[in-house]
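Taking the hints into account, I'd like the entire structure generated from these sequences.
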Amino acid sequence: MARRTRPDPISDSPESTAKDPNPAAAGLMASEDEDTLIGRTVTINRPARELYEFWRDLRNLPLFMENIESITVIDARRSHWKVKGPADSSVEWDSLITEDIPGELIAWESAEGTSVPNSGRIEFRASDNGRGTVVTATIAYDPPAGALGKMFAKMFQREPKIQARRDLRRFKQLMETGEISTSAPVEVFP
Amino acid sequence: MRALTWQGKHDVRVETVPDPEILNPRDVIIRITSTAICGSDLHLYDHTIPGMKDGDILGHEFMGEVVETGSSDHKLKVGERVVVPFVIACGGCFFCKKQQFAACDNSNPAETADASEIAYGYPMAAAFGYSHLTGGYAGGQAEYARVPFADVGPIVVPDGIDDDKVLFLSDILPTGWMAAVNCDIEPGDTVAVWGCGPVGLFAVQSALLLGAHRVIAIDHHPRRLQLARNLGAEIIDFEQVQVREALAEMTGGIGPDACIDAVGMESHGFTPDNLLDHVKVKTFMATDRVHALRQVILATRKGGRVSIPGVYGGVADKFPIGALMEKGLTIKSGQTHVQKFMPQLLQMILDDKLDTTFLISHRLDLEDAALGYKNFKEKQNEYTKVVLKPGSGIQTRH
Ligand SMILES: NC(=O)c1ccc[n+]([C@@H]2O[C@H](COP(=O)([O-])OP(=O)(O)OC[C@H]3O[C@@H](n4cnc5c(N)ncnc54)[C@H](O)[C@@H]3O)[C@@H](O)[C@H]2O)c1
Ligand SMILES: [Zn+2]
Ligand SMILES: [Zn+2]
Chain A
555 MARRTRPDPI SDSPESTAKD PNPAAAGLMA SEDEDTLIGR TVTINRPARE
605 LYEFWRDLRN LPLFMENIES ITVIDARRSH WKVKGPADSS VEWDSLITED
655 IPGELIAWES AEGTSVPNSG RIEFRASDNG RGTVVTATIA YDPPAGALGK
705 MFAKMFQREP KIQARRDLRR FKQLMETGEI STSAPVEVFP
Chain B
27 MRALTWQGKH DVRVETVPDP EILNPRDVII RITSTAICGS DLHLYDHTIP
77 GMKDGDILGH EFMGEVVETG SSDHKLKVGE RVVVPFVIAC GGCFFCKKQQ
127 FAACDNSNPA ETADASEIAY GYPMAAAFGY SHLTGGYAGG QAEYARVPFA
177 DVGPIVVPDG IDDDKVLFLS DILPTGWMAA VNCDIEPGDT VAVWGCGPVG
227 LFAVQSALLL GAHRVIAIDH HPRRLQLARN LGAEIIDFEQ VQVREALAEM
277 TGGIGPDACI DAVGMESHGF TPDNLLDHVK VKTFMATDRV HALRQVILAT
327 RKGGRVSIPG VYGGVADKFP IGALMEKGLT IKSGQTHVQK FMPQLLQMIL
377 DDKLDTTFLI SHRLDLEDAA LGYKNFKEKQ NEYTKVVLKP GSGIQTRH
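Here the protein sequences come in this chain order: A and B. The working numbering numbers the first residue of the first sequence as 555 and each following residue consecutively. The working numbering numbers the first residue of the second sequence as 27 and each following residue consecutively.
Because the hints were derived from the structure by calculation, they are not lab data. It should be emphasised that the depicted structure is a prediction, and the values quoted were computed from it without experimental measurement. Check before you lean on any hint, since a few could be wrong.
What the hints assert, rightly or not - Not everything, but these chain A residues come out facing chain B in the computed CB check (under 8 Å): (1) Thr597; (2) Asn599; (3) Glu658; (4) Ile716; (5) Arg719; (6) Arg720; (7) Arg723; (8) Arg724; (9) Lys726; (10) Gln727; (11) Thr731; (12) Gly732; (13) Glu733; (14) Ser735; (15) Thr736; (16) Pro739.
Said to hold, decoys possible - Residues from chain B that keep clear of chain A, each with C-beta distances beyond 10 Å, as calculated: (17) Leu49; (18) Arg57; (19) Glu404.
Glycine included, each C-beta is placed from N, C-alpha and C at the ideal position.
This is how it looks when you write it as structure tokens:
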């Protein structure tokens with residue numbers, strides 16, 4: 555999709571809040587077609603180092619990311635992601651850590667050839683007013699086309715923003731309270 | 027177990043439902059010994075708050091005995107008697123650290139918090155038995171309840187003190203107290219309180235304890251007004267008297283220094299659909315009825331304070347923004363930060379500085395909860411507060 559040209563931004567807010575956000579301007583190494591950008595910031599009342607370390611152990615992510623079936627760590631940079639799809643299907647891809655600054659930042663990019671190209675970054679910044687750590691997730695992705703696209707529209711087109719928001723909320727709950735809040739009723743067995 | 031379940035507008039039933047279970051490490055399960063019906067429950071009964079599902083267990087004012095604890099290192103022990111705050115709060119987030127427990131960032135599960143973020147700009151904290159907007163947690167008008175973050179919320183009460191003396195620490199006592207605290211009462215102040223329901227009556231009592239020179243209480247039920255008078259308030263029956271004129275005359279033409287809206291929205295609130303549907307069509311808020319609040323704002327003196335414990339959920343029509351701005355009023359409102367006020371209020375009860383039992387008009391068995399709802403709504407004069415006692419076998423004539 556060709557991007558409209560626009561004047562240089564003068565706002566101090568993050569790129570993800572722009573009316574027409576541009577992944578490249580958000581500093582993501584997004585490929586040509588990754589043209590949808592979402593961002594979300596939460597403040598977590600824990601030290602940046604602790605949050606970074608929990609996240610950096612990618613095996614922890616399925617604890618709070620609802621759609622993830624499994625993450626297999628291949629080596630220091632490479633991991634394999636399996637994500638739930640509708641009707642018992644799933645989609646898989648390899649993900650590559652492209653930048654890793656302990657205590658501060660992790661950036662990743664999907665390996666070439668995946669059906670859902672995506673890249674992202676999670677940043678951990680000690681708040682300058684004593685409120686813990688400001689955590690910002692920024693994700694660029696390409697809404698898939700065709701049949702697969704249709705199948706994944708629910709997850710990757712309409713809902714990623716909601717999904718990211720909920721995942722981050724669960725991450726915050728887990729880090730601040732040690733558990734993930736639930737009101738799940740007791741199942742009634744017939 | 028037996029529990030009072032919501033089945034639709036004006037339809038609540040005591041049914042047999044599965045017992046609650048520990049789901050998270052910080053949970054406890056309590057066996058409920060006393061649980062009350064609140065004015066806030068009437069908003070659910072009238073279905074003016076969205077996000078209810080058939081079968082939801084109501085009740086957010088309850089106490090009982092700890093019967094099971096989760097796997098975390100618990101400060102509560104099996105057998106201890108506790109009163110449970112209606113607000114569920116984690117104790118660890120920015121808001122909890124500021125003691126703004128009713129703004130807790132973590133207690134509302136991610137999915138339901140999302141709906142409230144869409145409605146209010148930020149996700150709301152959770153509460154017991156109060157719709158899926160505030161988490162969809164099962165309530166306490168039941169034999170047992172699961173209490174999350176039990177190391178932060180419930181307060182242990184000594185053995186030997188009667189349930190009836192401490193039960194209202196769960197909500198209405200701290201709510202009346204916070205309503206008065208929010209008035210920033212100064213020596214010589216007159217405080218006017220709209221509504222002599224449980225919240226209004228405790229606000230009257232609290233305002234006097236916090237040093238108000240005079241308190242004027244407004245309602246139309248003679249028995250409720252009499253209770254306010256017994257506490258030391260002057261009273262106005264709004265059916266017989268022009269309230270604003272009366273308040274001006276009674277305060278030397280200056281007006282009350284602080285006014286409390288302990289009425290809240292009445293039967294016209296949200297359209298009774300699920301909020302998510304409303305969000306879809308982008309017309310999710312109908313108009314709350316703000317009759318009392320309008321009067322409150324007009325009656326408050328110039329430069330005065332307005333405190334709103336009364337519950338509103340949507341948007342208001344013909345809100346007197348001009349009077350608010352031109353008179354330079356200060357408004358404070360909110361769901362009560364119950365956890366913040368419980369210890370000091372418990373101490374005042376133990377020291378006999380505060381009596382709450384005057385409020386209770388009826389004690390029923392949990393089995394008669396539906397009757398309790400009906401009468402608390404329809405016979406407000408006689409039914410000032412209903413306390414349900416699960417398994418008590420109290421007989422009520424129907
Ligand atoms: N902020 C909180 O955390 C919190 C907690 C508990 C209850 N509440 C809210 O407080 C409000 C009162 O609760 P309650 O249990 O006392 O309810 P209630 O229904 O028993 O009492 C309301 C009283 O207001 C009176 N009233 C109605 N219209 C009036 C008017 N125009 N002027 C003066 N009085 C009027 C009624 O006659 C009644 O006595 C409700 O909205 C409830 O939801 C808020
Ligand atoms: Zn209540
Ligand atoms: Zn909290």
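Hint check:
no. : hint   : in the structure
1   : Thr597 : holds (6 Å)
2   : Asn599 : holds (6 Å)
3   : Glu658 : violated (21 Å)
4   : Ile716 : holds (7 Å)
5   : Arg719 : holds (7 Å)
6   : Arg720 : holds (4 Å)
7   : Arg723 : holds (4 Å)
8   : Arg724 : holds (5 Å)
9   : Lys726 : holds (7 Å)
10  : Gln727 : holds (5 Å)
11  : Thr731 : holds (4 Å)
12  : Gly732 : holds (7 Å)
13  : Glu733 : holds (4 Å)
14  : Ser735 : holds (5 Å)
15  : Thr736 : holds (5 Å)
16  : Pro739 : holds (6 Å)
17  : Leu49  : violated (6 Å)
18  : Arg57  : holds (16 Å)
19  : Glu404 : holds (31 Å)
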